[in-house]
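Assemble the complex: chain A is given as a structure, and chain B must be docked to it using the hints.
Here are the chains, one letter per residue:
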Amino acid sequence: MSKNPEFVKFDKVDKSYDGKVLVVKDLQLDIAEGEFITMLGPSGSGKTTCLMMLAGFETPTNGEILLDGNIISNIPPHKRGIGMVFQNYALFPHMTVYENLAFPLRVRKVEKDEIDKKVDKALSMVSLNGFESRMPAQLSGGQQQRVAVARALVFDPAVVLMDEPLGALDKNLRESMQYEIKHIHESIGVTVVYVTHDQSEALTMSNRIAVFNDGKVQQLSDPAELYEKPVNSFVAEFIGENNTFNGEVSDIDKDTCKVKLGNAEILANPISVKSKGEKTTVSLRPERALINPADKMDNMFTGKIEEVIYHGDHTRVRLNLLGSSEFILKVPNSTSNLELKVSEDINIGWNSVDARALDPK
Amino acid sequence: MSSENKILTTDGIPLEVSLKKAERKNKIKAFVLVAPLLLFLVITYIFPIGEMFTRSIDDKMITNMLPKTFKEMEKWDGKELPSEEVFAGFYYDYKALVEKQEHGKLGQRLNKEKNGFNSTTKRLFRNIKRKKIDESASIKEQMMKVHKNWGKVEYWQAIKRTAPPYTLAKYLKGMDMYYAPDGSIAQVDEDRRIHRILWLRTLEIAFFVTLFCFLMGYPIAHLLATLPMKYSNLLMICVLLPFWTSLLVRTASWMILLQQQGVVNDFFVMIGLVADDNRPEMMYNKVGTYVAMTQILLPFMVLPLYSVMKTISPSLMRAGKSLGGTPFVAFWKVYFPLTIPGIGAGCLLVFILAIGYYITPALVGGASGTLISNQIAFHMKQTLDWSFASAMGLMLLTGVLVIYWIYNKLVGVDNIKLG
Numbered sequence: 078m079s080k081n082p083e084f085v086k087f088d089k090v091d092k093s094y095d096g097k098v099l100v101v102k103d104l105q106l107d108i109a110e111g112e113f114i115t116m117l118g119p120s121g122s123g124k125t126t127c128l129m130m131l132a133g134f135e136t137p138t139n140g141e142i143l144l145d146g147n148i149i150s151n152i153p154p155h156k157r158g159i160g161m162v163f164q165n166y167a168l169f170p171h172m173t174v175y176e177n178l179a180f181p182l183r184v185r186k187v188e189k190d191e192i193d194k195k196v197d198k199a200l201s202m203v204s205l206n207g208f209e210s211r212m213p214a215q216l217s218g219g220q221q222q223r224v225a226v227a228r229a230l231v232f233d234p235a236v237v238l239m240d241e242p243l244g245a246l247d248k249n250l251r252e253s254m255q256y257e258i259k260h261i262h263e264s265i266g267v268t269v270v271y272v273t274h275d276q277s278e279a280l281t282m283s284n285r286i287a288v289f290n291d292g293k294v295q296q297l298s299d300p301a302e303l304y305e306k307p308v309n310s311f312v313a314e315f316i317g318e319n320n321t322f323n324g325e326v327s328d329i330d331k332d333t334c335k336v337k338l339g340n341a342e343i344l345a346n347p348i349s350v351k352s353k354g355e356k357t358t359v360s361l362r363p364e365r366a367l368i369n370p371a372d373k374m375d376n377m378f379t380g381k382i383e384e385v386i387y388h389g390d391h392t393r394v395r396l397n398l399l400g401s402s403e404f405i406l407k408v409p410n411s412t413s414n415l416e417l418k419v420s421e422d423i424n425i426g427w428n429s430v431d432a433r434a435l436d437p438k
Numbered sequence: 019m020s021s022e023n024k025i026l027t028t029d030g031i032p033l034e035v036s037l038k039k040a041e042r043k044n045k046i047k048a049f050v051l052v053a054p055l056l057l058f059l060v061i062t063y064i065f066p067i068g069e070m071f072t073r074s075i076d077d078k079m080i081t082n083m084l085p086k087t088f089k090e091m092e093k094w095d096g097k098e099l100p101s102e103e104v105f106a107g108f109y110y111d112y113k114a115l116v117e118k119q120e121h122g123k124l125g126q127r128l129n130k131e132k133n134g135f136n137s138t139t140k141r142l143f144r145n146i147k148r149k150k151i152d153e154s155a156s157i158k159e160q161m162m163k164v165h166k167n168w169g170k171v172e173y174w175q176a177i178k179r180t181a182p183p184y185t186l187a188k189y190l191k192g193m194d195m196y197y198a199p200d201g202s203i204a205q206v207d208e209d210r211r212i213h214r215i216l217w218l219r220t221l222e223i224a225f226f227v228t229l230f231c232f233l234m235g236y237p238i239a240h241l242l243a244t245l246p247m248k249y250s251n252l253l254m255i256c257v258l259l260p261f262w263t264s265l266l267v268r269t270a271s272w273m274i275l276l277q278q279q280g281v282v283n284d285f286f287v288m289i290g291l292v293a294d295d296n297r298p299e300m301m302y303n304k305v306g307t308y309v310a311m312t313q314i315l316l317p318f319m320v321l322p323l324y325s326v327m328k329t330i331s332p333s334l335m336r337a338g339k340s341l342g343g344t345p346f347v348a349f350w351k352v353y354f355p356l357t358i359p360g361i362g363a364g365c366l367l368v369f370i371l372a373i374g375y376y377i378t379p380a381l382v383g384g385a386s387g388t389l390i391s392n393q394i395a396f397h398m399k400q401t402l403d404w405s406f407a408s409a410m411g412l413m414l415l416t417g418v419l420v421i422y423w424i425y426n427k428l429v430g431v432d433n434i435k436l437g
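From first to last, the protein sequence lines are chains A and B.
Here our numbering is used: the first residue of the first sequence is 78, the next is one more, and so on.
Here our numbering is used: the first residue of the second sequence is 19, the next is one more, and so on.
The set of hints was computed from the structure by calculation and includes no laboratory data.
Hints should not be assumed to be uniformly reliable.
PhoX-like cross-link-like pairs, simulated, lysine-lysine; straight-line CA separation at most 20 Å [unchecked claim]:
| # | chain 1 | residue 1 | chain 2 | residue 2 |
| --- | --- | --- | --- | --- |
| 1 | B | Lys-351 | A | Lys-186 |
| 2 | B | Lys-78 | B | Lys-132 |
| 3 | B | Lys-140 | B | Lys-166 |
| 4 | B | Lys-351 | A | Lys-189 |
| 5 | B | Lys-351 | A | Lys-156 |
| 6 | A | Lys-306 | A | Lys-293 |
| 7 | B | Lys-328 | B | Lys-351 |
| 8 | B | Lys-113 | B | Lys-150 |
| 9 | B | Lys-123 | B | Lys-147 |
One side only, chain B facing chain A, incomplete, derived with CB under 8 Å [as the list claims (entries may be wrong)]:
| # | residue |
| --- | --- |
| 10 | Gly-30 |
| 11 | Ile-31 |
| 12 | Lys-248 |
| 13 | Asn-251 |
| 14 | Leu-252 |
| 15 | Ser-333 |
| 16 | Leu-334 |
| 17 | Arg-336 |
| 18 | Ser-340 |
| 19 | Gly-342 |
| 20 | Gly-343 |
| 21 | Val-347 |
| 22 | Pro-355 |
| 23 | Leu-356 |
Everything numeric in this text was worked out from a predicted model, so none of it was measured.
Backbone N, C-alpha and C fix where the C-beta goes; we use that ideal spot for every residue, glycine too.
Pulled out of the complex, with its shape left as it was, chain A reads as follows (with noise of 0.2 Å):
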């Protein structure tokens, strides 16, 4: 089966709701046929919005959308065939979980033995079977969930919308939902359009994430390149946790930088910086900073220990370094542990590859 790569297509997408502000700048993005993509960033940063002009509930101010190489964006929402997942699941409070999910179906006069077969399959997916007669208040938040899963997927939709879907969920049953929405889609391969505001949920579940900010996709890649490989400071900062250090480039070649930091100088590698004099943000993973390091590093440095917080699977040590108060390192909660006391020095060290020089924040 050959699968289209511009399935859904964004070209050239303004979006303004006032005149004065462009929530949504110049997006251009383009979504396989299959693929499970992520639409990631803090609330106001346009992702909602995106995901509304697709479903037709807002219209472009400008650029066009495309499904499957039509234009869409003059097709009333009921007529695009866009199944979504809403943020509060938007379940008919009237009617029991059977004629919700075979609401859509009756829209679009499916024969009545169709219909039972379609949502038995649909409950089946989720599994929901027996509930059929339940009203929706007599379900608990995850199986409501499900119930509106399954209704966004009855009907073969080509395309299935999720906006914050698992948002109101506690942890325990959002990590299991986000485990189970992504084998649905393994399983029956529709194209998914996920929003989320929360990174660690993203990062499971999608093929390919988009992060937005400021209205603009700042990244689109996957969840490894997107959190090994930040290409600019929000990126960074917005997805794992991360240790900053702003200075200046001193010196430059192909592979390192020099970045001066008040009195002391690290190696970094350059990413978004090309020449001397530059200001830049070094961003660096705690897990990727080591203690008394066995290897030789190309960074190492003295720091005091400013805070032991003990996390049950990992121990965060906040270390006093460069002349940062705020260095945090991760260290993990393996049988040779290492003592570790208040204002004691240690030593660190890291790579310069993974500290990577970005864009001054």
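Same frame as chain A, but now just chain B:
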């Protein structure tokens, strides 16, 4: 549960006792807080309704005036002329009334029951005054000589009908019926059935006013619930503005607008809709009542609808559309069923208010636009037949309760939402 395994508190007191003790203080507090309102309701609502009820069925006057007569009448079969004892009983009762100078009232009251009683009793009164009746002889024969009506069984039957201390005659009158001389219930002549027309008209006007309010209020409430805050506040003020204006002022302004030389008619003439010498009458008939009452009762429809619509998440309509429903289907299958509690509350409220409406129909209704409440007021103030007014008021109250009951059967009162 047997007494052995009763749950005890840590101190060994049965749990139920302990709980009651703990709750008692709260219960007393709650009752004290409610007490003023309860007292107010009893004094201003329950007590007057009880008073109205007794007044509407009260018929003790004659019962008290003729105690001996009615005692003797218990043995009478009511078919033939009563016995000497009944005549004697009536004679002595009447004589006592003459001494107390209350015989006139009796004559009038009996005359209502049967025409001719006034003169019949007056003749007896004159004979008693002149001491012409020999109490040692047969009183029956002497009375029949005084007036031939005393020898007619219908007159005695009429007296017997007034024996019970309570009567439903006022209620029958409210439905254009009366007790026929033989005690059965009969209808008044067709050309005199005014009350039934009024009842039907009241129901009709209340029904249509409710319908108009619903048709006009639903879109307004929807707009109120969906508009952005700054516009919806303004609209809300527009809806509530009539609330803050005196009812009388509003009705009077409708009179200015609707009269034949009024603003609306002037406008119709101006745009050429009607000829100047052929202005339609829009007041002192049903049209005036409909227009003014719809406007006045509209907020009572809008507010419950609004409070229900406000709770309906806009994402439900969106979900309906995204699942493939046209805007109409999404509205009809999703939005509308969810507003039914508000529709129920609004309609019930408007209907009940409309059915007892008084001032507006009195001022703009004219002859064909008045309601039953105007008739009640008429009897309160003009004929002073308070027992009849009370009877009709209670009939109205019963009607409202019946409607409430039917509504509860159809929709369920639990489904009502007033906000």
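Cross-check of the supplied hints:
Note on Lys-351 of chain B and Lys-186 of chain A: the hinted pairing holds, with a Cα-Cα distance of about 15 Å set against a maximum of 20 Å. Restraint check for Lys-78 of chain B and Lys-132 of chain B: satisfied, since their Cα atoms lie roughly 18 Å apart, inside the 20 Å limit. Among the hinted pairs, Lys-140 of chain B with Lys-166 of chain B is consistent with the structure: their alpha-carbon atoms are about 13 Å apart, no more than 20 Å. For the hint linking Lys-351 of chain B to Lys-189 of chain A, the alpha-carbon distance of about 18 Å falls within 20 Å, and the restraint holds.
Of the supplied pair hints, the one linking Lys-351 of chain B and Lys-156 of chain A holds, its CA atoms being roughly 17 Å apart against a limit of 20 Å. For the hint linking Lys-306 of chain A to Lys-293 of chain A, the alpha-carbon distance of about 19 Å falls within 20 Å, and the restraint holds. The straight-line distance between the Cα atoms of Lys-328 of chain B and Lys-351 of chain B is roughly 18 Å, inside the 20 Å bound, and the hint therefore holds. Restraint check for Lys-113 of chain B and Lys-150 of chain B: satisfied, since their Cα atoms lie roughly 12 Å apart, inside the 20 Å limit.
With a CA separation close to 17 Å, the supplied pair Lys-123 of chain B and Lys-147 of chain B stays within the 20 Å bound. Nearest Cβ of chain A to the Cβ of Gly-30 of chain B: about 40 Å, over the 8 Å cut. The hint is violated. For Ile-31 of chain B, the shortest C-beta to C-beta distance to chain A is roughly 38 Å, which exceeds 8 Å, and the interface hint is violated. Taking 8 Å as the C-beta cut-off, the interface hint given for Lys-248 of chain B is violated, the closest approach to chain A being about 14 Å.
At about 20 Å, the closest approach between the beta carbon of Asn-251 of chain B and any beta carbon in chain A exceeds 8 Å, and the interface hint on this residue is violated. Look at Leu-252 of chain B: its Cβ only gets to about 19 Å from chain A, farther than 8 Å, so that hint breaks. With a cut of 8 Å, the hint placing Ser-333 of chain B at the interface with chain A holds, because the nearest CB-to-CB distance is about 4 Å. This hint holds: Leu-334 of chain B has a C-beta 5 Å from the nearest C-beta of chain A, less than the 8 Å allowed.
Because the beta carbon of Arg-336 of chain B sits about 6 Å from the nearest beta carbon in chain A, less than 8 Å, this interface hint is met. For the restraint placing Ser-340 of chain B at the interface with chain A, the shortest Cβ-Cβ distance is roughly 4 Å, inside the 8 Å limit, so the hint holds. About 5 Å separates the beta-carbon of Gly-342 of chain B from the nearest beta-carbon of chain A, less than 8 Å, and the hint is met. Proximity of Gly-343 of chain B to chain A holds as hinted, the smallest CB-CB distance being about 5 Å (cut-off 8 Å).
Interface hint status for Val-347 of chain B: upheld, as the beta-carbon distance to the closest one in chain A is roughly 6 Å, under 8 Å. The beta carbon of Pro-355 of chain B comes within 5 Å of a beta carbon in chain A, closer than 8 Å, and the hint placing it at the interface holds. Given hint, Leu-356 of chain B at the interface with chain A, holds; its Cβ is 6 Å from that chain's nearest Cβ, closer than 8 Å.
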